[in-house]
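Q: Residue strings, one per chain:
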Amino acid sequence: MANFAVTVDDAGIAVVVFDVPGRSMNTLTADVVRELGELVARLASDDAINGAVFTSGKSSGFCAGADLGELGGGFDGDAGGEAEKRALFDASYTLNKLFRSLEMCGKPVAAALNGLALGGGLELALACHYRVVADGAKIQLGLPEAKVGLLPGAGGTQRLPRLVGAMKALPLLLEGKSLSPQEALALGVVHEVVPVERVVAVAKEWIAAKGDAVAPWDKKDFKIPGGGPYTPATTQVFVMGNAMVRKQSFGNYPAQLNIMKCVYEGLQVPIDAALRIESRYFARTAGTPQARGMIRTLFLSMDQLGKGASRPQGFAKSDAKQVAVLGAGMMGAGIAYVQAMSGIETVLIDTTQEGADKGKEYSRKLTDKAVKRGKMTQEKAEALLALIHPTTDYGLIAGSDLVVEAVFEDRGLKADVTRRAEAELAENSVFGSNTSTLPITGLAEVSVRPDKFIGIHFFSPVDRMGLVEIIVGAQTSQETVARAIDYVLKIRKTPIVVNDSRGFYTSRCFGTFVQEGLEMLVEGIAPAIIDNVGRATGMPRGPLEMNDDVALDLSYKVREQARKDLGDAYHGGPVDALIAKMVTELGRLGRKNGRGFYDYAPDGTKKLWPGLADLAPVTVTEADAALIEEIRTRLLYRQAVEAARCMAENVTTNPREADVGAILGWGFAPWTGGPISLIDGVGVGKFVTICDRLAERYGARFAPPQLLRDMAARGESFYGVAKAVAA
Amino acid sequence: MADAYIFDAVRTPRGKGRKDGALHEITALSLATQVLEALRDRNDLDTSLVDDVVFGCVAPVGEQGSDIARTAVLNADYAQTTAGVQINRFCASGLEACNMAAAKVKSGEAVMAIGGGVESMSRVPMGSDGGAWPVDPSSAFKTYFAPQGIGADLIATLDGFSRDDVDAYAVESQKRAARAWEEGRFRKSVVAVRDQLGFPILARDEHMRPETSMQSLASLNPAFTGPGEMGFDAVVIQRYPQVERVNHVHHAGNSSGIVDGAAGVLIGTKEAGEAAGLKPRARIRGMASIGSEPSIMLTGPALVTEKLLKRLGMQVDDIDLYELNEAFASVVMRFMKVLNVPHDKINVNGGAIAMGHPLGATGAMILGTVLDELERSDQETALITLCVGAGMGTATVIERV
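Those protein sequences? They're chains A and B, same order as listed.
Here the first sequence is numbered in the numbering used here, starting from 383 and rising by one per residue.
Here the second sequence is numbered in the numbering used here, starting from -14 and rising by one per residue.
Bound conformation, chain B alone (with noise of 0.2 Å):
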């Protein structure tokens, strides 16, 4: 089987994913273009070496809809031949493309292909896109369904994480986003938003509040308290009857902000590489995907960690860097007790409780934000994983070359 290699990794800073965010008024398809445009105009890449784009969406509804992959290959004048495919596995839509770009890759089934994700969160609202699992009772009652941040707030409070760590959780991270920005570790993968002329119309990513303190984040009210009161709480106790009462810590200063952005990342094999006159930045180890508890719903990320390292012979230690999304503070904070990470191992520029969570996007954001930090510290090997929807988790790990 053939090695698959990452040649490139870009990705639009991420615009508040609201009405008054910077790329509201930029279509999701025109988020998942430049991106495109980026990978072939940073890499004088012949398009027709592509063989197929893959992109994670979540809400592929309205304008995401119809296999935006697809419309965004035409859309940035890609080879016609360069095939591309709209996939969904909720959170990590965006590393599960990039895994499934480089099983084709491996596999044989591609020389070159794309992995990426875009969401317009602003534009195309979460849940947009229905969905029996929540709505139909078959479903909803077998899974014990309770939203993310019951889920959260549920692994908080078996984990013994107090609204105070989960806060000061958040602040580190909102520190971390802030300094990588002033040193500029972003630099190399993030490309701005070009508006309707052309011109730049974001640089930076927009959500992050390098202010925030202990004592601001405490004034904020926990967002999961009236939904448990309703009933998602004794949907949870039913399942976890070790907790007595759920634990609100999570607001929207410790979760991962709502915003809008896209990102790719070219991976092929090194022969395709060379053809193309690439130098290839790190190997994809391995990638792995993993079902979990569904009702608690975000404790993937360790189990397909496990999983992920076990197959490749690996242990915790031998991972230099870890990126996990900060959906919830609390995630975090529990892979790195379950598996004993220490922190200033993982997520250390900061993550989606700054700088927001696209989506469709994020996997393939953060697998490109680790791999330069590899690059800029000088390290080898780094693990990206996400917790994911409906209890699952997805890993990929990468080395440098």
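Extracted from the complex, chain A is given alone in its bound form (with noise of 0.2 Å):
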């Protein structure tokens, strides 16, 4: 066997460990899953072994569950007809009944979890008799799938509940929470936390003691912990916990209705019939385009750009040791942040010293609340604070390898700190500019070495917001673009590359949300309809108290802006006379001033401001499911539209940059997969038929580009092609 070395002791007690070679983790894979059966075969029938023991080879633990990218790989083919669904649930069953067997070998087993075990590596730890494990804070015990749009599909769902009962279960199966080992120990999860130099001994000295080889739920007494879903206390907990559950996920997500579900059913039958259940939950959850959607924008692309997979190739990798950041506003100070968290000399330039020193201020703040929480050490926070030199001086930019420009969205601005920052820069330092709305090649004017220029969008609040949006000019080499991604990955960032527009990809789509939201508006829909079903769609926040978070004048400024630009192609309509009057006239800025589309509270609470109804009578006042359909439609539908443009106008150049970068840059409603993902789920000919529709009705804002009607006359799919050219 390749992936399991089994040596048996003088006991008779056979210790396996499992070290799927050639990876740093183990995950259950094909070849790993036929070995497995093999070696239950084994225990059963080999009459020198008296039990066994499960151990890692790996330091990085025992195992990190199914393999993801297998299972993703299969999710390109015809999706939702019967074969698929008979080969998920064949997949889910077989794992099943294979740590059944396990379970009812006849032998005590053990496992001994020397690290993390999450999904199906927890879900085998569960289907063993005896549970110990590493005493490590960092160690993760857990049963993830929900977070990816799966349910565990091996056990999880019945093994948990059966052990912890399903209040304490359902959480972690929802969630996809992990447990530490004192956690697991606590609620039941794992016998014993013990160093783990001593897993695999006490994982033996329970088997010598005659541990015992029928699983709790085997026994004749058995109880459920809390009992079954009709014993009064559990009632409430499905009662309670549906509503939990539809108030979180509005109802978006299969795979936590589909675990509540699992869970519900499971628990009336026993764990045979159960594990099947199981299986055809698994099997209807991951046939979805949103199971789909979130494995491959979430878990496989993020993963793939996470590690430089948009990086042009064959040039040198470049390590950014000092950057400079021009502007110490909020921006620049958060830049200054992520950059020092990185180890990255840090010169940190402002008009004044004053403001260049607050600069700094804010990496103080958020480093003494590290450290106040545990989680830096003050060595280290001072550490980290040494490596950002506030200045005015634009001398101190020598020697650096990159600038960062945050300045105020001012092109004379720009052009005034750019030219003063290259007269210091060396002959191959690339200037960055944080621009979120100026085209860069603009910008790039005034470089005397436009090749070395280029667009390093950040998102606000820096430390917090995943991803970067790299912007590429017309002259902007493709060198410039390999060392601006080697900086992103350095400061652990997920960068997207895109080509210049107005807005970029980012900004661009995610105006279009909050756009929808306020035509809803002036054509007489409710406020609340608005923002509730905004929410439902599954963006953070609906789009009245979004563009209230933005803040109106911004916006108002925004649109101006692009009157001046666009001149007469610039229809602005009675939304730019709405956000006009409540900025100029009314003084009402959205949140922060306490008074936009709602009035805020000083205790954080807000309530739609009722003068709204004078400047956007309302004329539709409830909305029937069909209604509620529509709007979804349209404000999702909007997003997705501007997306496809983007890809035809080759602003973004593949659909996995343009998904990741529409949940991690504007939290696109991240069940769907992203924009491009939706269109593909939903399927080309279909979004173009609605999207028609639309423009019929409410405005060309929704009319689907050319390319979109290429590619379903073809019978194309985004990420179809984008596999095509890949191969």
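Hints were generated in silico from the structure; no laboratory data involved.
No experiment lies behind these values; they were computed from the predicted model shown.
One or more hints might be untrue.
Each computed DSS-like pair below joins lysine-lysine, with the alpha-carbon atoms no more than 27 Å apart [claimed, not checked]:
hint, chain 1, residue 1, chain 2, residue 2
1, A, Lys479, A, Lys602
2, B, Lys295, A, Lys1068
3, B, Lys330, B, Lys295
4, A, Lys467, B, Lys295
5, A, Lys550, B, Lys127
6, B, Lys295, A, Lys629
7, A, Lys974, A, Lys939
8, A, Lys742, A, Lys757
9, A, Lys742, A, Lys754
10, A, Lys751, A, Lys520
11, A, Lys529, B, Lys127
12, A, Lys559, A, Lys629
13, A, Lys479, A, Lys689
14, A, Lys440, A, Lys742
Using the hints, put the two chains back together into the complex; each one sits in its own frame.
A: And the structure:
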């Protein structure tokens, strides 16, 4: 066997060391599953073996579960068909039967977990009769499937609630949260926590002491902790749980609902039937466009882009050791912090020393908090702060590998700092502009080395937002792109590369969500309907409250700028008039001054501003299921069609960057897997038909680009094409 | 098709549905039995004429399980040939039982039948029977399940009823019930419940609080704020996105009381009545049930009323008296608002806010109440209706003969 090494000691205890060759982490590949089958057969039949201990040969841990790469790879075929359902059921049920046969092998089996056990890895351990885990606060034990739109399909939804009860198991299953060894012990998920070097010995001791080879649920007097669904306490767990799942998921995530169903139905029947039920729900879940999209974007694409998948080939890897940040405002200060976190010498320049110092203070606040919470040592905090050099002196830029400009969105100001910085920069250093709206090619006009001029668009707050949008200007070189990506990876963010365009990719698409909500408002749809349905789409907030958070005066300025830039081509309409009135006449600037579409109370609560009805008279006061669906479609499709245009215009060049950028950048509904996955999931042809209808009814902003029509005519999908190109 | 006539209606007084309630020491079977005995004895009824007894019961488990209707028939020493069936349409079970009894008579399946119901909420608590609807994620999700109280608060929110509005309705309900008792308006129907020795143990509705005032109600906290915050408000707002936040206005004082009780209505053809020497008091002119949106749950009464009136070719104004179960104040207030029914034509003798709502029996009780009132005030027609769990409404129109 390639993946397992078995040694049997004098007492007849087999120690099975799980060690997948050539990988840093054990996963349940098809090979592993096949060999595990042989292993279980041997355990059951070999009279020389009295019991077994499963452990791992990897310091990285025991097992990280199913191979999502393998699973994800199978998802590009015909979706939703009977054959796929059967295949997915078989994939899960094969594992369920295998783990069940291990559990029923008649001999005591212990899991000696020397490190993390996640997903199928923990499910394998749950099918053992005894679990010993190494003591280490960072060791994770959990069933994280729900996070990528799946459900645990190897007994997790059945054994966990039978161990700890539905009340404690459901949150773990629904949220995919991991437990530390001590938490797992307290809950009863594991039996012992011991030093890592003792896990195998302790497991062997348990077997030697006549460990019980019968799982609790196979004993005659077994009772589910807390009782089944129709005992009073557990009934309440389900009644409340159903409401809470709907509250949090808005019905967008099939995994969470199906986990509830699995546990509810499974706890009412014996374990063997329960495992069949689980495998059926696994197949139902894994076969949804949501699961496909989430696995692809949130797991596979995120992982690939995080490893630099979009980096141009053929350029030596660069390492930014010193980076100058121009402008110590909120963005600059945040950028300085993430740089210092990654050990980059940071020159933080502002017009006044006071301003520069204030920018560094931001990092001090963050490190103070981290030290206070025990997440960072004082020494590390000091070392981090020592890397940030606040100054007004452009001369200190000398020796920097990169400059990140983060001054106000003003062309004149940006031109000025570009000239001053370039005067100090070494020949081959890169100049990056953190602009969110101004086209890079235009900004690069003042540059003396436009091939080394690039957009590096951070998101606020910089320390928490994982995306950086890299914008390639007309003259930006591929080497510059490679170096910008190297920098972004060094500060541990996920880069996407886009071509120059007004608003680039993320700002351009995000704007459509808010705008569509505002269009509805001036159409007369009640604001509560707009924001409630907006939230229910899976976006982080409704369009109106989102606009309040962004600030209405900013929204006003962007509109005015666009009017100036585009001239006659710009159509403001009643929405612009509404925003102008709120900002210039009524002083309603959004959350920042406590008055926007909402009124904000000092205690943090908010209420729709009653005066809004005078500005935008309400004619649609209630929403039936059809109207809810229409609003939902408008809000999501408006963003998706813009994302498709970005693909058509070559602003984004590949679907996975478009999808990852959407979810990380502006919080596009994660259940879709991103706007491009949404279009693929709906089907390009159907998406075009719906957009045509919406365009007819609401305006050309919904008109699908020619690219989509061509794809529909050829029966193509974005990811289908992307796959073909990759191959 | 035969006409279905009402010959008599009886009910027990309603005992507080708690361990210290007067009827807590009386079994549900005994309550049902005493109602059947009273119908027989008051009318000197040859029970072999009664083909079937249909009884509503909403928690038909434990002592209320295994077809309590047939059990009570046997326990009351009715003719062996009298069948019995227990039905469940949640809060409208008692009225639905009467409608089914009437339908049996109309269709010729029975010449005489008894509709009614029983619920000892103190002995078999609400919810004892479980049920998939809110528990099974499949149905809970699909129906945007929220408890009745959330639906009642949602109605108040959508229709703009303030806390003062619903409290004022409750105060009026208590006043009307107290006046009705003082004036003996329930005398015709209420039969005292007897204890194990045969002595009267409860002769009057026990739940009433005639002293209720706006002030006394103001001290009560809304009952559904907690469950709302835990998730149910968010659930109903997903279904009713026009609501920015749910205004929680209902509490124990403006919602139906939890009580024990039973009721029965004797229904038959004119000929059967003549054979038994009974004079018909009213004709059942029509019956209907309807499904309505299940999340808000309690808007069925107006819808079923419209459906039934339309089928009968009647207008809202053609009905002299309305009786709508006071599940929650907002339910009745919405009904009045939607159908434009004046307050002085509806629930004129109070309702469940004052006297309580023994789930399986209430429908039959209020049918008897409004029949008595038609006779007392010498009016002709009445419509009885109730809101129902999972989004339904059931209604009956009766007219004096």
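Q: Take the hints in turn and mark each one as holding or not.
A: Quick rundown of the hints versus the structure:
{"no.": "1", "hint": "A:Lys479 x A:Lys602", "in the structure": "holds, 21 Å"}
{"no.": "2", "hint": "B:Lys295 x A:Lys1068", "in the structure": "violated, 43 Å"}
{"no.": "3", "hint": "B:Lys330 x B:Lys295", "in the structure": "holds, 20 Å"}
{"no.": "4", "hint": "A:Lys467 x B:Lys295", "in the structure": "violated, 49 Å"}
{"no.": "5", "hint": "A:Lys550 x B:Lys127", "in the structure": "holds, 24 Å"}
{"no.": "6", "hint": "B:Lys295 x A:Lys629", "in the structure": "violated, 39 Å"}
{"no.": "7", "hint": "A:Lys974 x A:Lys939", "in the structure": "holds, 16 Å"}
{"no.": "8", "hint": "A:Lys742 x A:Lys757", "in the structure": "holds, 20 Å"}
{"no.": "9", "hint": "A:Lys742 x A:Lys754", "in the structure": "holds, 19 Å"}
{"no.": "10", "hint": "A:Lys751 x A:Lys520", "in the structure": "holds, 21 Å"}
{"no.": "11", "hint": "A:Lys529 x B:Lys127", "in the structure": "holds, 23 Å"}
{"no.": "12", "hint": "A:Lys559 x A:Lys629", "in the structure": "holds, 18 Å"}
{"no.": "13", "hint": "A:Lys479 x A:Lys689", "in the structure": "violated, 36 Å"}
{"no.": "14", "hint": "A:Lys440 x A:Lys742", "in the structure": "violated, 42 Å"}
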